[in-house]
Amino acid sequence: MIRIENVNKTYRSGRGKVHALADVSCTIAEGAAAALVGKSGSGKTTLLNCIGGLELPDAGRIQCFGQYLSLLSGSGLSRYQRRRVGFIFQHGNLFSYLTVRQNIAFPLNLNGFSKPDIAERVEGLLERIGLSRAGDAMPHELSGGEMQRVAAARAMAHSPALLLADEPTASLDSETAGNLVRLMFEIGKENNCTMVISTHDPDVFHLAEQVIHLKDGRIQEEE
Amino acid sequence: MKSRLIFWGNIAICFLLRSGRITAALSLMVITAVAVLIFLSALAVGVNDTMIRNSVGLYSGHISGEELPMSLPPDRLRMDGVATVLKRVYSPGILSREQTVLPITAAGVDPAAEKEVTALWKKVVAGAYPEEGKAEILLSRSMAEKLNVQPGDPLDYRPLPDGSPVTLTVSGVFHTGIDTLDQNLAFCPAGVLENAGKTWQAAIFLKEGSDPDAVVADYRNRLSGVGRFQTWKEAMPDLVQLIELNYVSMGIVLILVFGVVSLGIACAFVIFIFRNLREYGIMKAMGVTSGEMAGLLILNVVLMNLAGCLAGLLIGVAAVLTANAWGIDLTAFTSHNRYFTVSGIIYPRLTRFSLWLPLALSLVFSLIAALWPAILVNRKKAADILRIV
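So the sequence lines, in the order shown, correspond to chains A and B.
So the first sequence is numbered by my numbering: it starts at 3 and just counts up by one.
So the second sequence is numbered by my numbering: it starts at 42 and just counts up by one.
FYI, nobody ran anything at the bench for these hints, they're computed from the structure.
Hints should not be assumed to be uniformly reliable.
A few chain A residues facing chain B, derived, Cβ under 8 Å [what the hints assert, rightly or not]: (1) PHE67; (2) SER80; (3) PHE89; (4) PHE91; (5) LEU100; (6) GLN104.
List of simulated lysine-lysine pairs, BS3-like, C-alpha gap at most 27 Å [unchecked claim]: (7) B:LYS128 with B:LYS274; (8) B:LYS422 with A:LYS41; (9) A:LYS19 with B:LYS422.
If you want a taste of the chain B side facing chain A, the calculated C-beta under 7 Å gives, among others [unchecked claim]: (10) CYS55; (11) ARG319; (12) THR330.
Just so it is clear, CB atoms sit at the ideal spot from N, CA and C, and this is done for glycine as well.
My request is simple: use the sequences and hints to build the entire structure.
Written as structure tokens, this is what we have:
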């Protein structure tokens, strides 16, 4: 379960203080999929980053799977991100100098999986995302949709407890986006993975069990 | 641990291989620096070798033995590391020609042996080196001018304090540019100076690579106080200083060049990291620790340097061996220098100094070069990187 309690986050920018998150509280059940919805600048990415431990709230606290992130040390936070979290970003997810296969294997190597286990998982995921013949391709040889499928496979390769996706379909056409969303939900549900996805995509709204609307850093409504 | 190292090693190798042009450009910088500095270091060693060879090979030898009793045969001085021992007898005397008299020290030598080992005969500017069995004398140019003689002219020589005068023919005139040789030494076959003194002096020439200090220690040990022995280092402290100065200057050049190259590599890597900053941000988001990130960057720089060093080493060694086979003739720049009186041809030579110092410095500096990018990436938060890139 992910419990977000009275989280505040402020940035300083050229335009002065920006309240990215203001007193945000919500709970996401374990294994559930939550869609974060809101306009650009509403605080979706900041909330995802806070849940993923990429940044710490100025006030309030976040509990993920029984751990308060603010209490974790630097290495503890790295361990949490490495073992329990998978990230998908809007673009530029893949390491340009690694092949598709090496990209998917990266979190598995990082988590100390055995060689046979890595090979089995990578080949299985490649088949799953329909790129079993592109394992040795470099990222720049893939289309945008293929890149995001590889990014999804990599994010879920080590069976994380939490998948955080920041507008993963934003740069894709609707058909490709639909395929990617279905793929993410399929693999996520199989692994009982809690998913938090910031999106404008109606496909995600329909598949998510929970939709959190954000406006100016505040939760407007929860469905 | 081992598998973790292999994993990060593979990532670093993939990064270097697939960033082909940038790796090649950076490697070229390292290759050039290492090759050039190996060559320059070997050249410095070659210059030192030439100065030593010229200084000891002209006349004095690597070791000089003085006040050796006539009862001690030269063969007693032949031991491990010794190539040749030349026996010389010195006798003070007066040279006279018509009304002019000149106090000198006559050196009685074995002309054939001297010509074989020393290079004084090459400094004969008129006439020829004396020949065994002939009553001849070789004078320095200043002596010949003072006595107003030329090769073929007769001279009277009277050993001091009360020797019988002999008439000698001037066989030739030499000029070395070295005061101790040009001022008052004249050379004649040892037979001319029979019964000249009670002691003799040895010029000892060593085999390549022999340590003069070790040989002298051996002499002092074996001959238990007989005679006095002095290495060229003791006899020529100015040359020793010059050689040390040469090494220190080369060391400074090496450090400066690698400092500049490292700065270039660090700058290029920082630019490269900024270009790929998002990928480092994603790595951080995936839980790669600061230590792992720093390790990866250091591995990248060190591996690239290692490859560059290896290629630079091969090129540098090949260049040194080629130059060593031919020699580099710098006579035009050394002809008035007393340490290059015999030859100005430099033979670059590889030594531990010339071979390992550039490599060691390259690796040390590459580690330093990796620190800046490593610190830079580690100081940036993943969220900040992903937000701005």
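The hints, checked one at a time:
1. A least Cβ separation of about 15 Å between PHE67 of chain A and chain B goes past the 8 Å threshold, and the interface hint is therefore violated.
2. Because the smallest distance between the Cβ of SER80 of chain A and any Cβ of chain B comes to about 5 Å, under 8 Å, the interface hint for this residue holds.
3. Given hint, PHE89 of chain A at the interface with chain B, holds; its Cβ is 5 Å from that chain's nearest Cβ, closer than 8 Å.
4. Interface restraint check for PHE91 of chain A: the shortest CB-CB distance to chain B comes to about 7 Å, inside 8 Å, so the restraint holds.
5. Annotation: LEU100 of chain A was flagged as interfacial toward chain B, and the flag holds, the nearest CB pair being 6 Å apart, inside 8 Å.
6. The interface hint given for GLN104 of chain A is met, as the beta carbon of that residue sits about 7 Å from the closest beta carbon of chain B, less than 8 Å.
7. Between LYS128 of chain B and LYS274 of chain B the alpha-carbon distance is near 21 Å, which keeps this suggested pair within the 27 Å criterion.
8. The straight-line distance between the Cα atoms of LYS422 of chain B and LYS41 of chain A is roughly 25 Å, inside the 27 Å bound, and the hint therefore holds.
9. A threshold of 27 Å between alpha carbons decides the hint, and for LYS19 of chain A with LYS422 of chain B the separation of about 19 Å falls inside it, so the pair holds.
10. Taken as an interface hint, CYS55 of chain B checks out: its beta carbon lies about 5 Å from the nearest beta carbon of chain A, inside 7 Å.
11. Taking 7 Å as the C-beta contact cut-off toward chain A, the hint placing ARG319 of chain B at the interface holds, the least distance being around 5 Å.
12. Given hint, THR330 of chain B at the interface with chain A, holds; its Cβ is 5 Å from that chain's nearest Cβ, closer than 7 Å.
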